[in-house]
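Numbering (our numbering), first residue to last: 1 to 216.
No wet-lab data here; the hints were simulated from the structure. Keep in mind that the hints are not guaranteed to be accurate.
In silico lysine-lysine, DSS-like type, Cα no more than 25 angstroms apart, as pairs [unchecked claim]:
| no. | residue 1 | residue 2 |
| --- | --- | --- |
| 1 | LYS185 | LYS214 |
| 2 | LYS206 | LYS47 |
| 3 | LYS206 | LYS82 |
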Amino acid sequence: MKTKKNVIPVMLALFISGWTFFILALSPPVNADKQESETGTITGTVKVFRARHSGNVVVYLESEGFKKEYPPPEKHTVLDQKNLVFIPRVLPILKGTTIDFRNSDDVQHNIFAPGKVEKFNLGTWGLGGVREHTFNKPGEVIILCNVHSEMVAYIIILKNPYFAKTDPDGIFKIRNILPGTYVLKTWHEKMKSPSQEVTIVKGEVKEINLELKKRK
1 MKTKKNVIPV MLALFISGWT FFILALSPPV NADKQESETG TITGTVKVFR ARHSGNVVVY
61 LESEGFKKEY PPPEKHTVLD QKNLVFIPRV LPILKGTTID FRNSDDVQHN IFAPGKVEKF
121 NLGTWGLGGV REHTFNKPGE VIILCNVHSE MVAYIIILKN PYFAKTDPDG IFKIRNILPG
181 TYVLKTWHEK MKSPSQEVTI VKGEVKEINL ELKKRK
């Protein structure tokens with residue numbers, strides 16, 4: 001069957017090569033290179049003051065020009081419990097995303113959120129178990145385990161898909177940003193969250209470097 005699918009477009013193109021209106025109907029899809037040439041990218045490094053590493057910083061954009069709603073991913077995101085820690089510790093997601101909470105430890109674990117944005121308790125379960133929850137409100141949600149009080153994770157629910165999380169070196173990249181002016185913000189569990197205005201031009205790669213300091 002794969003051979004037939006590959007042959008049909010070639011035969012069709014030869015058959016209708018003289019008919020302009022058919023050729024227009026069969027124009028190829030926009031590729032990634034063209035999409036990036038019509039949009040902009042923000043890249044840079046975040047330095048966390050006096051920290052062992054500069055990972056787990058969420059960098060995101062806000063603008064009144066963004067759509068009110070963005071479709072969440074169909075595929076569930078995973079937050080695992082392994083070796084008595086949450087993996088990942090910090091998880092930025094788009095509003096409406098469903099998270100599968102997995103237990104990869106040979107002990108009982110629990111998932112609950114005591115906060116104002118989301119308040120729930122998914123119960124306690126053992127190795128291999130998975131329970132899910134959909135996050136429909138933007139903001140910060142702290143995830144805890146009432147079996148192991150030292151375990152903590154942070155879920156950052158965002159209104160639009162223009163966000164990134166820094167790697168241990170503090171490097172981040174946000175792609176496919178439409179030209180315009182935005183407010184760039186950051187989140188860190190212990191540090192201040194500075195913001196700044198940033199203007200994106202078509203085809204531009206803008207570099208922004210930030211330093212986060214402790215909250216007073």
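Against the structure, the hints:
1. LYS185 <-> LYS214: holds (16 angstroms)
2. LYS206 <-> LYS47: holds (17 angstroms)
3. LYS206 <-> LYS82: Answer violated: LYS206 to LYS82 is near 37 angstroms, above 25 angstroms.
Taken one by one, the earlier hints fail for this structure only at number 3.
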